[in-house]
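Participant: Those sequence lines, one after another, are chains A and B.
If you count the first sequence from 1, position 186 lands on 186 in the working numbering, and the numbers rise without skipping.
If you count the second sequence from 1, you need to add 1000 to reach the working numbering.
Hints were generated in silico from the structure; no laboratory data involved.
Using N, Cα and C, we set each Cβ at its ideal position, and we do this for glycine too.
Misleading hints may appear alongside valid ones.
[Said to hold, decoys possible] So the derived list for chain B, only partly shown, Cβ under 10 Å to chain A, looks like this:
#	residue
1	Thr1021
2	His1084
3	Leu1086
4	Lys1089
5	Leu1265
6	Val1267
[To be verified] DEER-style ranges, computed between Cβ atoms:
#	chain 1	residue 1	chain 2	residue 2	range
7	B	Gln1159	A	Gln133	53 to 61 Å
8	B	Gly1110	A	Glu164	29 to 37 Å
9	A	Ala121	B	Asn1108	42 to 50 Å
10	B	Gln1060	A	Gly187	48 to 56 Å
11	B	Gln1159	A	Leu86	34 to 42 Å
12	B	Gln1159	A	Ala65	27 to 35 Å
13	A	Gly110	B	Ala1015	44 to 52 Å
There are 2 protein chains.
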Amino acid sequence: MDWTREINEAVQRIAGHIQVTPVMQSQGFGLDFPIEMKLEQLQHTGSFKARGAFNTLLSQDVPSAGLVAASGGNHGAAVGYAAHQLGHKARIYVPEMAGPAKIALIKNTGADLQVVPGAYANAMEQAQAYEQQTGAGQVHAYDAPSTVAGQGSCFAEWQAQGLEADTVIIAVGGGGLIAGAMAWFQGAKKIVAVEPETSCALHMALQAGAPVDVEVSGVAANALGARRIGSICFDLARTQDLTSLTVSDDAITAAQTALWRERRLLVEPAGATALAALTSGAYRPARGEKVAVLLCGGNIAPDPMG
Amino acid sequence: MDWTREINEAVQRIAGHIQVTPVMQSQGFGLDFPIEMKLEQLQHTGSFKARGAFNTLLSQDVPSAGLVAASGGNHGAAVGYAAHQLGHKARIYVPEMAGPAKIALIKNTGADLQVVPGAYANAMEQAQAYEQQTGAGQVHAYDAPSTVAGQGSCFAEWQAQGLEADTVIIAVGGGGLIAGAMAWFQGAKKIVAVEPETSCALHMALQAGAPVDVEVSGVAANALGARRIGSICFDLARTQDLTSLTVSDDAITAAQTALWRERRLLVEPAGATALAALTSGAYRPARGEKVAVLLCGGNIAPDPMG
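Start from the sequences, fold in the hints, and give me the full structure.
Facilitator: Encoded structure:
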């Protein structure tokens, strides 16, 4: 796959539909070096997922039966929003564990929402059944080329905004976002993958030498709790010098609190997971190494303006 | 006063002490035109006040008795933070009406905090008495040239970041921030001053032809509830073509909710007051008129990570 071309095409395709998100350089968080940050939690529907959703919907024919997706929350909101903006109907299956704030977020997009008992895998089963029954187009949350190319646009945009870092630190769930980063940078920057200890499908896959099923739980599970890493991500990770590490739930919550207390950036636990690698000391940059952190989601629960 | 020189000097003086805050272009909020926004609520201590505080402390000798300030919250936090960073002691008088979240914000800077029954004017009386007794340096919240020049740095910075708008919309309390805008732009951009109906010292002064005492109340009172507009602001406003208007508390709360719901920007009521002028229709741009909105404070209560 010519990822550079795919991502450049995605950038053109979704321009005007997605929010160009701001970047900043910040000191603080108990660190003795500055960090470049991209505030992707300010994206439409509060996460980077809108990029992949628009790129998917705009790059293929949408069946008359509309669209279907399974989601822990953020992807469903993105598909619901993109479908509404583009005039398609969308059915979204969401597991109960997504919680009321994310369920409300999807509902507010106007999507046909189905809450499923259990976890993400249960919602995915039902989405697949609906796809087979109706011919609706499945929008995969992370393991489809159009999704990965859409998420890759985030890094093309960041580079155009003057990204200087040697190293880009990114949270990982199913791997769509970090696959987009690997696909865009192609080794030109060091990429650090950060997962919760309690939901680390990429870390376990790299140890096992192949994607394996993992248990998922913890504060970031509704965003990062993929039971198995995507194959696109895994294949890219195997061929690149990816650094994979994990952080505790306490470290994630501490980073989330620091982002609000010190910088008035309110993010969900998944959105603070990349920073947690620095603030917990799980990743220590070399002397002079310039680091960047992507804040990827802001759909906190409970809704502070609820 | 050569304001251009004063502000350029302030920019140099406070560089490295303040946060360069990001800017973005955003659609939404029920408006059919895009808005440029500067996210000044991401400044140290959560409001633009850190600019004036650092410029004041760095442009004059600090007495051995240290510093004193009266504040509804944001200025006190800024003075406390700047004093701590520069190695000075600071006593801050805060009125009870500031509320527990802003009182905690000041306390966390390490300042010597004094909570005073009543409103801002009561805190100011005690700050003045302390100044006379001890010789501590008073840091005025809005009506001192060093404060205004510091706040003006926000607009010099925005211009350097590529501000394109014809019109800049700014919330007004005591008038230090908008005085900085008038002092910097010198008529080169249209400036719209927005105050809550329940706290509108500038609006009443312009109607009366002179600063007058006003009653203050409402959702933004602890940030915008100045009883009398600053004389520096008033003198600049009289000589410039300033548009002054007011918005209701409901309009402020609706704008604050929209900023979170649509863009994941969590601001305090004062921080949403400028946008409220657009979303309520109090200010309607002409066809083709490009507008910019400053988000000036993010110290929401209760603390969402509290």
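Participant: So, for every hint listed, does it hold in this structure?
Facilitator: To see whether the hints hold, each was checked on the structure:
1. Thr1021: Check passed: Cβ of B:Thr1021 comes within 7 Å of chain A, closer than 10 Å.
2. His1084: 14 Å, violated
3. Leu1086: Where the cut-off is 10 Å and the nearest Cβ of chain A is about 15 Å from B:Leu1086, the hint is violated.
4. Lys1089: At 22 Å from the nearest chain A Cβ, B:Lys1089 fails the 10 Å test, so the hint is violated.
5. Leu1265: Given a least distance of 7 Å, the restraint on B:Leu1265 holds.
6. Val1267: For B:Val1267, the interface hint holds, since the closest Cβ of chain A sits about 8 Å away, which is under 10 Å.
7. B:Gln1159 x A:Gln133: 53 to 61 Å: Hint holds: Cβ distance 58 Å, inside 53 to 61 Å.
8. B:Gly1110 x A:Glu164: 29 to 37 Å: Because 33 Å falls inside the window, the suggested range holds.
9. A:Ala121 x B:Asn1108: 42 to 50 Å: 43 Å, holds
10. B:Gln1060 x A:Gly187: 48 to 56 Å: Holds, since B:Gln1060 and A:Gly187 (Cβ atoms, about 53 Å apart) stay within the stated range.
11. B:Gln1159 x A:Leu86: 34 to 42 Å: Holds, since B:Gln1159 and A:Leu86 (Cβ atoms, about 37 Å apart) stay within the stated range.
12. B:Gln1159 x A:Ala65: 27 to 35 Å: Since the Cβ atoms of B:Gln1159 and A:Ala65 sit about 51 Å apart, the hinted range of 27 to 35 Å is violated.
13. A:Gly110 x B:Ala1015: 44 to 52 Å: 47 Å, holds
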